[in-house]
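K.L.:
Residue numbers (my numbering), protein chains in the order written: chain A, 2 to 494; chain B, 47 to 408.
In case anyone wonders, no lab produced these hints; they're calculated from the structure.
Since this is a predicted model, take the numbers as computed values, not measurements.
We put the CB at the ideal spot given by N, CA and C, even for glycine.
Just so you know, not all the hints are guaranteed correct.
With beta-carbon atoms standing in for the labels, derived distance ranges [claimed, not checked]:
1) G217/B / A167/A: 30 to 36 Å
2) L283/B / A482/A: 40 to 46 Å
3) A127/B / W478/A: 24 to 30 Å
4) P99/A / I292/B: 52 to 58 Å
5) S165/A / L283/B: 39 to 45 Å
Partner residues are not named here, just some residues of chain A that face chain B (Cβ under 7 Å, in silico) [to be verified]:
6) A376
7) T384
8) V387
Computed footprint of chain A on chain B; a stretch qualifies when at least three of its residues, placed anywhere within it, have a C-beta under 8 Å from a C-beta of chain A [unchecked claim]:
9) 82-95
10) 366-373
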Amino acid sequence: MPAPETSRAEEVRAAIATLRSSAANSGDVSAPLTAALQKTALLLSDAREPVALDLRRQLQEETGLSMPMIEWGLLTSLSSMRHAPLAEIARVVPADAPLEVIGVVLAGNVFVAAVRGLALPLLAGACVIAKTASREGAYARAFHAALTLADPEIGARLALVQFSRADTEATHALCTGVDALSIYGSDETVEELRLVSAARRADSACARAGLCGPLPAEGATAEYGPLSGQTYATVAAASGNADSPTGGALTDARAELIQPKTHARGTAPELAANSGTATSSVRIPRVIAHGHGLSAAYVARSALSSEEQAARTAERVALDISAYDQHGCLSPHFVLVEPGGAVDPQAFAQLLAASALPALAHLLPAAEPTLQEQAERMQWQATAAVRGELYAHPTHAVSFEAAPLRPSPGGRQISIYACGDYAELEALLAPFAEHLKCVGVAGSKAERAQLTEYVQRFCSAQICRSGEMQSPPFDTWADGAPPLAGLVPDAMR
Amino acid sequence: MTSDLLATRIARFIDRCAHGAKDDATRDALIAELSLEQSQSVEPYKRYLTSEKRRPKVFGLPALPTDVFRFARVANHPLHADVRCFRTSGTTGRARGEHAFSDLSLYDRAARSAAGHALFPEAGRHRLCILAPSEHEAPDSSLSYMLSRFVDWFGTEHSVYAWRDGELRLGVLMDTLRAAEARREPIALLGTSFAFVHAEDALSSVRFQLPRGSRIMQTGGFKGRSRTIEPESMLALLHARYGVPIDHIVQEYGMTELSSQMYEAVLLDPAHSIERPLWVPGWVRAEPVDPTTLEPVEGDATGLLRIDDLANTGSVCSVQTSDLAQRCEGGIRLLGRAAGAVARGCSLQIEEWLDNRSHAGA
Chain A
2 MPAPETSRAE
12 EVRAAIATLR
22 SSAANSGDVS
32 APLTAALQKT
42 ALLLSDAREP
52 VALDLRRQLQ
62 EETGLSMPMI
72 EWGLLTSLSS
82 MRHAPLAEIA
92 RVVPADAPLE
102 VIGVVLAGNV
112 FVAAVRGLAL
122 PLLAGACVIA
132 KTASREGAYA
142 RAFHAALTLA
152 DPEIGARLAL
162 VQFSRADTEA
172 THALCTGVDA
182 LSIYGSDETV
192 EELRLVSAAR
202 RADSACARAG
212 LCGPLPAEGA
222 TAEYGPLSGQ
232 TYATVAAASG
242 NADSPTGGAL
252 TDARAELIQP
262 KTHARGTAPE
272 LAANSGTATS
282 SVRIPRVIAH
292 GHGLSAAYVA
302 RSALSSEEQA
312 ARTAERVALD
322 ISAYDQHGCL
332 SPHFVLVEPG
342 GAVDPQAFAQ
352 LLAASALPAL
362 AHLLPAAEPT
372 LQEQAERMQW
382 QATAAVRGEL
392 YAHPTHAVSF
402 EAAPLRPSPG
412 GRQISIYACG
422 DYAELEALLA
432 PFAEHLKCVG
442 VAGSKAERAQ
452 LTEYVQRFCS
462 AQICRSGEMQ
472 SPPFDTWADG
482 APPLAGLVPD
492 AMR
Chain B
47 MTSDLLATRI
57 ARFIDRCAHG
67 AKDDATRDAL
77 IAELSLEQSQ
87 SVEPYKRYLT
97 SEKRRPKVFG
107 LPALPTDVFR
117 FARVANHPLH
127 ADVRCFRTSG
137 TTGRARGEHA
147 FSDLSLYDRA
157 ARSAAGHALF
167 PEAGRHRLCI
177 LAPSEHEAPD
187 SSLSYMLSRF
197 VDWFGTEHSV
207 YAWRDGELRL
217 GVLMDTLRAA
227 EARREPIALL
237 GTSFAFVHAE
247 DALSSVRFQL
257 PRGSRIMQTG
267 GFKGRSRTIE
277 PESMLALLHA
287 RYGVPIDHIV
297 QEYGMTELSS
307 QMYEAVLLDP
317 AHSIERPLWV
327 PGWVRAEPVD
337 PTTLEPVEGD
347 ATGLLRIDDL
357 ANTGSVCSVQ
367 TSDLAQRCEG
377 GIRLLGRAAG
387 AVARGCSLQI
397 EEWLDNRSHA
407 GA
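All chains, please: the whole structure from these sequences, using the hints.
P.N.:
Next up, the structure:
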């Protein structure tokens with residue numbers, strides 16, 4: 002990716018400075034905040050509102066998703082943004098919490114993710130500067146517009162920026178100008194930005210070693226100059242992340258200072274604790290990472306006790322698969338089916354392919370696939386045909402295969418596997434445990450509880466009811482942590 | 047197994063196609079015959095064809111998508127008859143593609159003929175400096191095997207490997223290139239893109255002006271192995287670093303799943319050094335196809351590259367890649383990944399679980 006001719010770094014620095022000034026002048030905003038967020042949700046839900054109408058048009062252009070799919074996404078993502086859960090989330094924020102600026106880097110896979118990404122740090126009492134995805138900024142812009150309509154003062158606590166990933170100066174300005182950084186994106190993106198944030202620590206360490214200019218004063222982030230490209234390169238190289246576009250040879254003495262620490266992965270406090278001497282006089286941004294993810298579905302035999310019940314179960318599983326055309330991190334890549342019901346796992350695959358998924362394709366039509374997506378589906382389907390049974394249709398494909406599990410390319414392509422018991426479930430899912438975000442369970446409440454206990458032994462995936470994987474309530478936990486984890490200073494709540 | 051008679055006819059045809067000769071009608075007839083035979087003898091292909099009902103008119107049978115090589119043994123001979131099994135590079139994925147051979151003679155014949163035409167068109171041998179592991183270090187790498195054969199076929203006794211034990215031997219590289227400069231003896235620098243990036247970082251400010259007639263062949267991707275450099279930037283870097291003109295820097299396109307290689311046609315015609323089409327050997331058919339119909343796309347429209355390689359007698363000769371390509375003057379233009387592909391953000395990309403499709407590299 003070529004570097005942009007003009008960096009947006011100044012714009013980013015100015016926005017952060019404005020937010021800091023705004024934060025300093027505001028009092029307790031918790032009550033108007035929840036009211037403003039609820040009103041924002043209502044504004045965006047009502048397609049008669051100009052801001053909501055405009056949003057729908059732009060989302061269709063940006064995402065390629067069908068209008069029914071967009072409508073469904075808006076409805077499900079905004080319906081639980083109501084005063085009670087919002088207030089409950091905000092309740093954990095200490096009254097004396099310092100006013101912070103939190104940077105948010107939004108991803109571009111599922112448009113609704115922007116709402117939670119923006120609203121949670123606001124609920125944490127922070128001002129927010131968010132970098133929107135290069136190809137999906139409409140929802141963030143509409144959210145900001147609606148928030149400003151709902152309450153201009155609250156709206157002023159949010160700033161949106163957009164710049165190219167190749168704009169390393171702007172990236173640096175964002176990563177090092179904020180108090181915390183909430184990153185949505187690929188593991189690679191998270192790691193790159195984490196390193197840029199860590200580079201600030203490196204610079205302060207360098208200053209102590211006499212390798213660069215004087216340390217900035219406590220909290221004087223606006224005065225913090227851009228890190229040189231050379232240093233960024235050494236940071237990337239020191240981490241072993243040679244994929245970084247700016248990664249390079251480890252030739253700089255600065256790298257010696259940071260090498261042991263940039264390998265660190267973990268929570269913000271862990272990173273802070275590991276940062277050693279540099280932490281005492283420089284604010285180190287906490288990093289809240291939301292990296293790669295995928296999900297799975299599990300169908301207990303109790304959910305297949307009759308053909309009618311199996312049909313209803315298939316409908317719920319089909320909704321989880323079809324939502325956002327299976328491109329979200331909460332989208333199931335495979336369905337594990339317990340044998341022994343009235344409908345066996347292979348018959349369940351056929352049921353999905355022949356009736357449940359076609360019905361969803363009618364209700365929530367799929368986007369036209371790109372050539373690249375068609376290529377991925379062709380490869381996936383061919384392997385499915387060779388490994389097991391493939392039930393392919395123009396709008397979707399279902400395979401019945403034997404282990405090991407094989408991820409889907411998305412676009413409503415799903416594999417069904419027989420899964421005898423929880424031990425087998427663990428064995429099947431273990432290779433994906435690090436990335437597993439959610440397991441949707443078709444079964445009784447008791448079975449869900451049992452499975453929750455079991456799954457928590459090997460991963461932090463959320464367990465939810467089948468058919469609800471893609472519509473989690475606003476106050477849901479993620480990655481085994483409550484909504485404001487990492488966003489509230491001095492405590493990983 | 048492929049009948050001896052058919053294999054012999056294919057071998058003769060490959061010989062006939064030396065020096066760039068073409069006979070598309072004979073090629074297509076041989077491909078049809080070989081494909082039909084493999085559709086009955088190669089189990090995964092047979093199974094795929096049972097499920098895939100489309101029959102493109104131009105090709106007769108659909109090509110087998112390359113990912114199948116990761117999950118099934120695609121061979122028309124039993125395991126005990128294997129003399130060599132090449133594997134795709136293992137980076138982040140769990141399953142590596144495998145291509146087993148019971149006989150490498152057609153592979154050798156095809157590799158020698160293609161390189162002899164597009165990479166070493168002049169008579170005589172060249173000093174080779176190789177930035178990739180030798181076949182002894184990487185016995186399952188088709189690239190290492192091919193480069194070792196290049197040493198046998200095209201190299202002088204002074205040819206060297208500047209990549210050993212998994213790392214760049216900077217001293218060997220510098221000494222070899224400085225010696226070539228001093229003797230004004232052309233040299234061929236052959237290696238993986240990822241190894242060239244390592245050399246780029248390690249050489250720092252060192253520059254070379256390799257003698258006239260020197261050339262560079264680079265191949266393979268970067269994924270998960272080194273920082274990524276765009277092809278245009280890579281070309282400029284190599285030119286600046288080694289002093290080799292861009293019409294003597296050749297990208298090779300090879301896949302573990304194939305037995306034949308394609309090369310940028312720049313040495314065949316310097317006029318191609320701007321568009322840099324891939325030259326397709328006469329025994330290979332390379333067509334961008336429409337994924338909906340599996341038929342060739344019209345004109346210079348973009349499609350998914352299907353390759354029919356007559357030298358693939360031991361597996362399947364018709365292979366469907368995911369590479370985007372267009373027809374162009376001089377051959378095929380590779381476009382890489384679609385610019386409009388959906389941004390998946392935090393959703394796990396399937397590529398994360400699948401390995402590079404190109405040669406198992408350094």
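K.L.:
For each hint, tell me whether it holds in the structure or not.
P.N.:
Now the hints, each set against the structure:
1. G217/B / A167/A: 30 to 36 Å: 35 Å, holds
2. L283/B / A482/A: 40 to 46 Å: 44 Å, holds
3. A127/B / W478/A: 24 to 30 Å: 55 Å, violated
4. P99/A / I292/B: 52 to 58 Å: Distance hint for P99/A, I292/B holds at roughly 57 Å.
5. S165/A / L283/B: 39 to 45 Å: Violated, at about 22 Å.
6. A376: Where the cut-off is 7 Å and the nearest Cβ of chain B is about 4 Å from A376/A, the hint holds.
7. T384: Holds, because the Cβ-Cβ distance from T384/A to chain B comes to roughly 5 Å (cut-off 7 Å).
8. V387: At 5 Å from the nearest chain B Cβ, V387/A passes the 7 Å test, so the hint holds.
9. 82-95: holds (count 3)
10. 366-373: holds (count 3)
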